[in-house]
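Please dock the two separately framed chains into a single complex, following the hints provided.
Sequence order for the protein chains is W and H. Each residue of the first sequence is one higher than the last, beginning at 1 in our numbering. Each residue of the second sequence is one higher than the last, beginning at 1 in our numbering.
What the hints contain is simulated information worked out from the structure, not anything from laboratory work. Heads up, some of the hints might be wrong.
Residues of chain W clear of chain H, computed beta-carbon distances all greater than 12 Å [as the list claims (entries may be wrong)]:
no., residue
1, 61
2, 138
3, 196
4, 244
5, 341
6, 397
7, 412
8, 461
9, 488
Derived DEER-like restraints, expressed as beta-carbon distance ranges [claimed, not checked]:
no., chain 1, residue 1, chain 2, residue 2, range
10, W, 333, H, 383, 46 to 52 Å
11, W, 479, H, 249, 57 to 63 Å
12, H, 600, W, 29, 19 to 25 Å
Model, not experiment: these values are computed from the prediction. Note that CB positions come from ideal geometry on N, CA and C, so glycine has one too.
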Amino acid sequence: MKKSIIFSIALSLSAFSCSEDFLTVTPETALSSVTFFKTESDFIQAVNSAYVPLRALHNINSHLLSEQHSDNARYVRNILFGATENQSNLADFNVPTANGITTNGNVLTAYRQNYLIIARANQVLALIDAASIPDATKRNVKGQALFLRALAYLEIARYFNRGPLQLTPVGGRAEAAAALGTGEQLYAQIIKDATEAIGLLPAKSAQEAGRATSGAARTLLANVYMIQKKWADAETLLRAVVTSGEYSLMPNYADAFSNSTSNKNTRESVFEVQYLEGSQGLNGTFLYSMLPFPISAAELVTITGTTNPQPLSGEGNNIPTPDLIEAYETGDKRKDATIGTITLGGALHVNKTFPYIKKYARPHALHNNHGMNWPIYRYSEVLLFLAEALIEQNKLTDAAPFLNQVRTRAGLANTTATTQTALRDAVYQERRVELAFESKRLHDLVRTGRLESVIKAYGDRVKANKARYYFPDAGFVPSDAFTLITPYYGLPAAEADLSPNF
Amino acid sequence: MQPKLFLLRSKMWAVFTPLLLLLASLTFAQVSGKVTGSDGDALPGVNVAVKGTTRGTSTGADGSYKIEAPSTATLVFSFVGYTAKEVAVGNQSTIDVTLSVDNKILNEVVVVGYGSQVKKEVTGAVQTISAKEIKDIPVSQIAQKLQGQVAGVQINQTTGRPGQGMNVRIRGQLSVSGGSEPLYVVDGFPITGNIGALNPDEIEDISILKDAASTSLYGSRAANGVVLITTKRGKSGQTNVSFNVFTGSQVVPKKGRFEMMDAVEFAQFKKEYYEDAKQPVPIEFQNPSQYEGKNNDWYDAVLRRAPVQSYNLTLTSNKDRVSTSLVAGVFNQEGVVINTKYQRYALRLNSEYKVSDKVTIGLNIAPQYVFDNTPRTDGDRGTGILFNAIHTWPVMPIRDDKGELTLFNRFPSSTGNIFAYPNWVRAANELVNETKQTNILSNAYIAYSPIKGLTLKSTFNVELLNQKFFFFNPSTATSAINTAVPVTAVSIREATDNFGWLNENLATYTKSFNNHNFELLAGYTNQSFRAEASRIQADTYSDDRLPTIQGAINIARGGTLSNVQEWALTSLLSRLSYNYKGKYLFTASIRRDGSSRFGSNNRWGTFPSLSAGWVVSDEAFMKNFDKISFAKLRASLGVTGNNNIGNYTQYALINNTVNAVFGNNVAPGAAVTSLANPNLGWETTRQLDIGFDLGFLNDRFQLTYDYYTKNTTNLLFAVQIPQESGFTNFNDNIGEIKFWGHEFSLNTRILDRGKLKWSVNSNISFNRNRVVALADGIDRVYGLHHITQVGRPFGQFYGHLANGVYMNEADLKSNPVVPGRSFVGTIKLVDVNGDGVLTNGGDRDDRTILGNPFPDFTYGITTNLNYGNFDFSVVGSGSQGNQLWVRHLYSTANLDGVFNLHREVKYRFRSEANPGKGFYGTTVGGGTATGIERDWQNSRFVADASFFTIKNITLGYTINKKNKLFRSARVYASIQQALVFTNYWGGSNPETSAQQNGQGDGGNLSPGVDLFNYPVPRTSTIGVNFNF
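Just chain H, same shape as in the assembly (with noise of 0.2 Å):
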């Protein structure tokens, strides 16, 4: 503790010396000497300054210097992440000086869009992560592995699929038709993708811009939120090379797993259906037990335990004006459902040179080859493996007699069986679903300082992507139910050239004098994407084995296409950071954008953005505060945009593809199918965000919290318009969503003594959203079970209100029912209108809102447990208040005996001297009783889908002897997804939604749908990193 208390003390000499410092330097003399690391290396590159005067140099490639000083003088000796040190002069003309790498967090250097600014005098709302506080999490993709991290991010895992389905929203973002993912920036360069196949162990540390000042840079694109990836570098003076390795084994627990009827259970089910319709029970269900020991688990039967493993060999060095490092990963991981696959091969070079104390060049290069193969597992009845495998009767057999896999199978129509079900292990099995990526991101620049403080830098990055992909459906097998095997088979293909590049224009000047700091960026880039799409279908094979394009017999012209999307973007940017002393501190910037995407009426956008920051801790004042070691206020006002508006939306596109035909001859047709729109722009958001940032006891317990509230106006909607007019509806900027929320992040330090550390890291976020207005004329509009209606929070779950069934008949004549079709065992349902009618639709409608698919609050927590060598974390993750409607619940409730059924419908009612549970209704009256319950949407479908989830646990074990074979090592174990506290019942991941865009679950007005997607596994892992 010594030191630091030192430090601080030293810290508040600092506010008065430099007069008495001025007064004392009276002679000079020439000292020089050496800069070295604490392992040794020398230090090029560090700032060595006589304390107070404007005086200073920088140390050699072999870490030496020269500088004249008096002996009364002071020097100081600072660089970029290690501990700034002074030594007084006196009689010395030689100081050799060590520095330590800086632990202390406020010193820290965060990037920030087109810079970097020392954490203490940054004013927006940024949160870093570095990739060493995430490293043990044995996942492939870095949003994975920032679940629980960050206040006012929620990532959901809304899939398993290996490689897939991160959903990330900042500070609870979304917008009626365009995107609503946050930029990702990697090295400078905003890519067009998300980061998924990202190789994470390329990542030196990620910052993410919340607030309006923080993003407003990136302009058009930032209203989601910015995230920043800075990839590893070479570090100043040293070479260090690892290896890291872990492998680990996945497996769907038994446990949470969503509750279906075991064959006996089915086979009741069956019995009773038909007792209680008064009719012959068919001869497959009249002795249940029969089907004792002979369950068929179709969905256990599609699981496995599978292995995945991870390689990295990282190797970095700055040394002789060249820094480079090289990252060669390779990952791979089966999926727990068979015959999934994700693999990657990624490599990253990143080198600099320093030409000359005036001129740096750079250059990045990262290809990748990402490999997967999912055959159709997600997605809903129509094609999801997984869906359709709780669906099927479990007293189908899963293998014949003879233990071969069945083809499909179907009971008679005399059982109430409408559906042949195929056999989804071999669907798993055989369908090739696969997709083959190999992407090459790249930055070169040139950085130039032809005077001091100001650097120019231009840079040219290139983002490529080729991306293969081959679906086949065999004969013998198929995804989607009711289908008798064997098929038609089916190939497709589809093949995606991408190719974009951004250049980019910066001029930045620094300048301080009395305490004054400025610093001022300018800049002028052009960025342009093009990606060309072609697909092609074939079907009919006469052999499975060849599914070559000629092979065919058939090539299906609807399922052939070729696209072209391309798009521009123009923009000066500007930005004026001010500070004084580094305690007042004021950033203003603006960037102006001209997109090829907005309607030649409205082709340019402004962007701009204020901020301001007091360090509080500074002032004299607060040195009585002696138990406040830092403290920051901050406040910041800005506009930011969302671009995510498609390509060619303001266009009125023909569609040449509306083909007549007359006697057997087509005739081509062509028609206008959408509105022109030469005004349509960007969704604008305005966002003021105010926050503090306080240190106690030597920061041993550090407090931030933001509070945020924007306005996102001119939202990208495609209005609905009457069909009258030929069209379904028009692209404009209408409307408007207010959000706002608070973020609280509580990083501590527990104990700290010697062998022993504990810090625990929390944070908590609030977002709520309200939708202020829609289109004039419309006041809402409907997703698939969903309302987004003015004055009311976005996407919420719509429609009647279930209220039991109806138990006997007194209960049925004295509530209101739909005329027809109530009976008493029936489902009641509320008359929310009061009309005494139950309708569903048109202008009685007695539909409302049932429920919410966004959380209350969303939380994490982090701890970290060190005594000697040994290490111990945990991270957690949590949401609490955010509903799911379980669609599955449409079939798997479904009365009428067609699919395998919830469990829980055993306790449904079937006379009123035995009304089960009297939750779910009775099975007779076929279609026109039972439909109600399961066509009109209600409120059986909405589930609390609050949880906590352990996302990982690790122990760790460092042997830090250096030897002849490695300078350090460390030996870990983890559980991934270790464990999960939730009430949802729809199924085993309470973080599930369905992702697409457009109009169906899990379009942007249909949020938190649960379509029965991949499961997310256990992982157990153990793991090695080895230092060289």
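Next comes chain W alone, as it looks inside the complex (with noise of 0.2 Å):
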């Protein structure tokens, strides 16, 4: 008995003294960071991971934020639905602001899934220059990480003019909060990343298709100086994207957006983003927040054609405004590609008709689980934005084929304008109906200073016939409708709870 004891202790003794071995357990389910970012394959996930927060960016918040707060889209109440002002606020240019800082829930979520591209695309940035792994590969992931950056702070700087500007990744509490740039400071270091990446991405033939390119980062770069009136920087990239014979427009409009599982990274697009439709939960849903409410399912499959349509009700109606299905010319093939029409028999308005916006709707399997990818820059805007960029350096014979490229494929003449007023009118015109619904509409707006005229103008049309503009008998428009229309969004508040910063 006395040996099994003196055993005992032993045992404990000896296992005592390796017990620093004993209390070192790591996770055997997850990786740790000490063993990443290492091979090649390590920094090629980690700048895929800096994609992902894309796909809800624009799985409709990108359309609330830039369309809906637009005089394209309306949100029709359903008034059986509460919890709805961080919608019905966006449409209604009411989001509750008070000292640069809102409580709206879209804006906060467009804020925090940049700032992770943005904090995703550090983490690669901070390490790769270091790492051994093939040059090809380094250059390739490392221009896909600074594109992916400036594309994040790109959003940043129109929706909000300024914001926290992170550029090395954070270890720890005290490194959290960056200083506000401003957005002059934003806009440098977003000219900064895109003009690196554009030397180390690859031309788009040379790309997988759906990552980051040569020719995207050039569009990137071209909008920015775009927004900062640099017309002639703007053309010179533009005219690179045009000459690289990389891209081209379908010859059919509706054929410029993807199916469910088909027609994605054509040689129109310039970048989109990517969805995958199935049960891996990579999928988008976007149309189904597109489509009026109460819908039976006999008739949303006619517009989705899935196997196991279910009855929608609820909230998320963002339908075309009239005003934007009158700017359609007659004779516009876009209108019947961006614009259908659908009657709902339970819907609780007299005229139960309703446009929906029909760009995206392709038919897919599932209920609610579509692949259609999202287009970010189409070769149709690179073709616009260069009409404006000639025509704003007063070349406005060099402008109006750009322009009448687009015109043609619509099924349209060609432009009648001859003037330089008549000419940018004319392109910016040609740039609502073209991309409408690709959330552009509220940054033209501001980039070419006329949203306050134009918001205001149809903030008094929406006031003077409500009935026209989607709202029920019982609904009525908010008395403070219309009455904060600014170019910027405030910074979020359940930020500015954490931030030292703002």
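The structure is reproduced here in structure tokens:
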């Protein structure tokens, strides 16, 4: 018996002597950062994760913030539903804002998801130069990270015209909040990143479809110059895209947009957000947020073609405004490709026929799960940017052919405008109908200085005829609607609570 | 009464006699004899000592002893659990002694951490409950039996789900993100889970350790308090066989249920809704009286009267060096919600063998099988059947014209019906949500006493758990609202394998000389735990009868996972107890814990404690206060930790399922999703306890009081950080919460006259907390309807103060409004910040603190009345001043009428001429107007949940006549959850609160939320105990 006790004590002591090993228990079913960021595959996986927040950003969020918050789409309230201010306030231009801070939840989502891209890109950029991985991969991955960071900062700059400037990975609580950068500082960083990305990224034909390319980086940088009215710089970049031979317009406008499982990353596509239909959780659902409710399964299936349609009630009704519908010229093929109509038997409105956004309505297999991509830049926008940059430099004859390329594809005659002012207006008009519901409208109004005049007039029309703007009988235009027409959103309150810098 | 007075005298004499006796002891002679218990069985191991000397021996297996003693000497016979006896030797050479079982509480031995102590000498705040005291309460879980019994311990039954939902908080402990459940130690083995499944009949007694001096030997796991459970042993020299059985019936009383509209009332509401909106009334509601006699009470439809049975056979024996106890139990409970069921088959075999006088070995083994099926009864509108049932329009038929259960119900959208309501009776009947659990808890030990006073003990403990979970949602039913049935059938299978072991090596040395008594404990322990889990989710079945994995068309990757959780703990511990004459008591202890959970820079924590006691009643000057039979002052101070911080929280983890898509291809993605903190450690609690124990009139009245104050610092706090960083939070040890409180227990034996005995035990506790600090730059964190703010109590309800509705235009004009959304008849809120505008969040926020989920005080009262063979007992438990957040009011008072409504909504504002009670607002205006009332969290959601519940009433009769069948038998009848006195209107269970970790309702920062959980039934039982 004594022996066994001595044995057990000896055993215990030996266990004690190696207790540091005994106490080191690392997770078996997760990787830790200590062992990651070593191999080529690690960096590719890391940059892949930086694309992921784009899915959340464009799965209706960007549409709410830049199309519904404009004169293109209305939020149609279902009066039986509450908790709607986050959406209805965007449509009604009464987003509650005080001291440059807003509580709007959609604004918060846009802010957080863009900074998630930035943080993941920063993680790659901080480590990739020192990594021993093949040079081609290094350049490609670094270029993608720079492009994605530039794209996210562009969104931040356009929504807020200011924002924290995070350029290195955060390692602890002390470094979590960065100082607010001004719009100017943000744009300087975007120009720096995009310029570097252009030099690193391959052309579209040499890149895996769906990833960032040198053409996408050029277009993004040109977009910044358009905002900054550096027309000549924009022209140079845009011409490089046009002459690259990598892009052309799809003959049929409707084919410029992807189907659920096909027609993705076409030759017209410069950059688009990639979704995948199926159960992996990589799908989009935005189409379902663009339909009028309540809609029966039988009505819904005519749009979605799914095998298991479910009736929908609730919220999320983003409906084309009559203003937009009227903006299409007679004979414009894009009208039918962009806007459809549907009659809802159960609608709470007297007029039960509603227009809906048809641009992305492509058949798919299962309810509320689709793989249509969301366009960020299409070649037609490159052409319209270029036309605009030339017009602003008064190179009017150079400009018209680019504008007309877009019009021709839409089945329209060449523009009749000849003066700089008329051509400018023609490009603005063309952008509105060509790029409708591609999250461009608000940014265009702000960039061209037309926001206040356009939205004020629009607001007056809404108030004058609420039924025309889809208010149900029992609904009413809030008394404070169209009282806050500002070019930028307030920074999100939930983040203001946490950051000492705003 | 006489013998007790005599005992008291002799005790006082004991102080003066040793000297006299020493002088008198001159001649020595051999004395021998036999010690027996009152039942005539021999008692081995009884201490036989010559009074006033160190000479002594103990009785052998047959109860006999031999000792040298002078004729002037007195022999003292003492044995744990028995009243000591003194016999003067005189001329006798044979002295046979019969010892009687000691009922005197102060000589009771109390199980404390890593040992036991005579109750009189305990210096910490420890409360013990003997299983005997709570044996009649006909429930499955030990925690249910303890409700109302323990001062300073709040035990709430948060759900009536069979076998689930007991929430135990010692001294109001809570944590920002760690767990707050006490540590459960079964026969010395700190187990990883809770004790919900443990068969209460296996338990001998329970010690609840509350202050740091009692708990600090459990180091980094002790801050939430420790519950020590000792299972049944054989009693010296006795063999007992008993069989206990009860059977009962459970029902949810109609009274106290949340009041919803019936079909006629609901149709009337809808009619008025359209009339008030000046719209045509849909045909379905034009004539509400058509629904008379056609009410569909969906809640009642999923309830039933349900049986419960329990059988326990217990055998204990302690003879010939072998002590054994065997407990076999079967518990079988059908739930009061249809198709719910809980079954437990439990065995326990404890045996101990005295190999020699110096060596003892023992083995306890307790295998168990538990079956549980509860088809998603609890939870909010997403998934909870009960929550959904009250929301369903009572005009919707449960059964169709042919008497078949409907699949789901939907009215035309012209009636404002926007949700499809599945049939909840089907959901309860057809959903499978079952857990099968097999576990084994075992302890093996060897104890060796090489020399007198020294014991070396080595233990090896193992806990095994294998759990299988199976969920199946057939195509014909669902628990999710707004779903048209049939649905896509889904199955989920989970398997869990847990393996934990603990090795403890302890040395105890006791030494007494000249009235100085020492005990030194030293130990070294290692514990490790590993859990492996996997989950497979599959869907789309061609046939509901075959819910196999292969029968599914699709394996849902998002619902499939495997996971390993592991931790290790190495500890050194030591305790020194010293007392002088059992009168001046001191204890110091220390534990050092090394834990795999702590960051690499902070791996070891030290947890010391000190305590002292003074038995004032043993002092000479107390002689004159003969009404005070016992008095002890106690004080303790110590440090404990909480290591419920997750196993891998210190690491920066990579999530490698952040996948991207390119074209139609999935591209694997990986991102850092949490920040590393190599300094991460335990939460530290420093606790001071001051208390006293008083006995009056020969301990007929016993009062215990404790004051405590504790500061929990280094809170494990997932500090929210700006998400511009790419992260949501940083796990840090930061912040401080202060707790303090008072606890009183009063045990009285009011009557003890012959056949009539009456005792009343009562306790009351006051627990308070205040947040002293959070992180720098952060003075508040929000829960779902809550705020935790520096300078205030934890987890307070937060939102807008409601102040009726705007009664007329003048009211609207003269008060602040929500721009664009306030009208005559809508909810009127208080402009707390006085800026003239009502604002929800942001920089002009009008939200404020609305209430407190924590009680002002909790209390319990137990009374036992015996007359002859009759016994009668009542147990009550109460809580005062606590409030609940009535979560379902968000929808049950939704003025848009999309759900069934709380009956009070009948009395809403309809017009200036017909303002109702002016409490609920107008239905006119749709979501713009009604939305504020619902979506802006406000004080209407807060309800007083004070209660006093008669937990149990039992009436019993004992047949003591020995006969051929049994030695004794007792029959009893009892009612559990007999009566609930409360003003709470949000549901039938004021003890409820959602329980879950993380951010949701019931998460750490969101306590006290009523999610309309499974009701706690009233159970009527009859039972019989046989002793053979």
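Check your understanding: Is it true that residue 479 (chain W) and residue 249 (chain H) lie within 57 to 63 Å of each other by Cβ?
Key -> 60 Å, holds
Check your understanding: Would the least Cβ to Cβ distance between residue 341 (chain W) and chain H come out above 12 Å?
Key -> 19 Å, holds
Review point. Is it the case that residue 61 (chain W) keeps its Cβ farther than 12 Å from each residue Cβ in chain H?
Key: 15 Å, holds
**Study point:** Beyond 12 Å from every chain H Cβ - status for residue 412 (chain W)
**Key:** At roughly 32 Å from the nearest Cβ of chain H, residue 412 (chain W) sits farther out than 12 Å, so the non-interface label holds.
Practice item. For residue 600 (chain H) and residue 29 (chain W), compare the CB-CB distance with the range 19 to 25 Å and indicate the outcome. Key: For residue 600 (chain H) and residue 29 (chain W) the Cβ distance comes to about 20 Å; the hint holds.
Point to revise | Status of residue 397 (chain W), Cβ more than 12 Å from any chain H Cβ | key: Residue 397 (chain W) clear of chain H: closest Cβ-Cβ about 40 Å, beyond 12 Å.
Point to revise | Least C-beta distance between residue 196 (chain W) and chain H, which was stated to exceed 12 Å | key: 21 Å, holds
Exercise for review: Examine each Cβ of chain H, and state whether all of them lie more than 12 Å from the Cβ of residue 244 (chain W).
Suggested key: 20 Å, holds
Practice item. Take the C-beta atom of residue 333 (chain W) and the C-beta atom of residue 383 (chain H), compute their distance, and say whether it sits inside 46 to 52 Å. Key: Roughly 47 Å apart at Cβ, these two residues keep to the hinted range, so it holds.
Practice item. Verify that the Cβ of residue 138 (chain W) lies farther than 12 Å from every Cβ atom of chain H, and report whether the claim holds or is violated. Key: Label holds. Min Cβ-Cβ 17 Å, cutoff 12 Å.
Exercise for review: Quick one: work out the minimum CB distance from residue 488 (chain W) to chain H and report holds if it exceeds 12 Å, violated otherwise.
Suggested key: It holds; residue 488 (chain W) is separated from chain H by about 16 Å at its closest Cβ, greater than 12 Å.
Check your understanding: With d taken as the least Cβ-Cβ distance between residue 461 (chain W) and chain H, does d exceed 12 Å?
Key -> 19 Å, holds
In this structure, none of the earlier numbered hints is contradicted; all agree with it.
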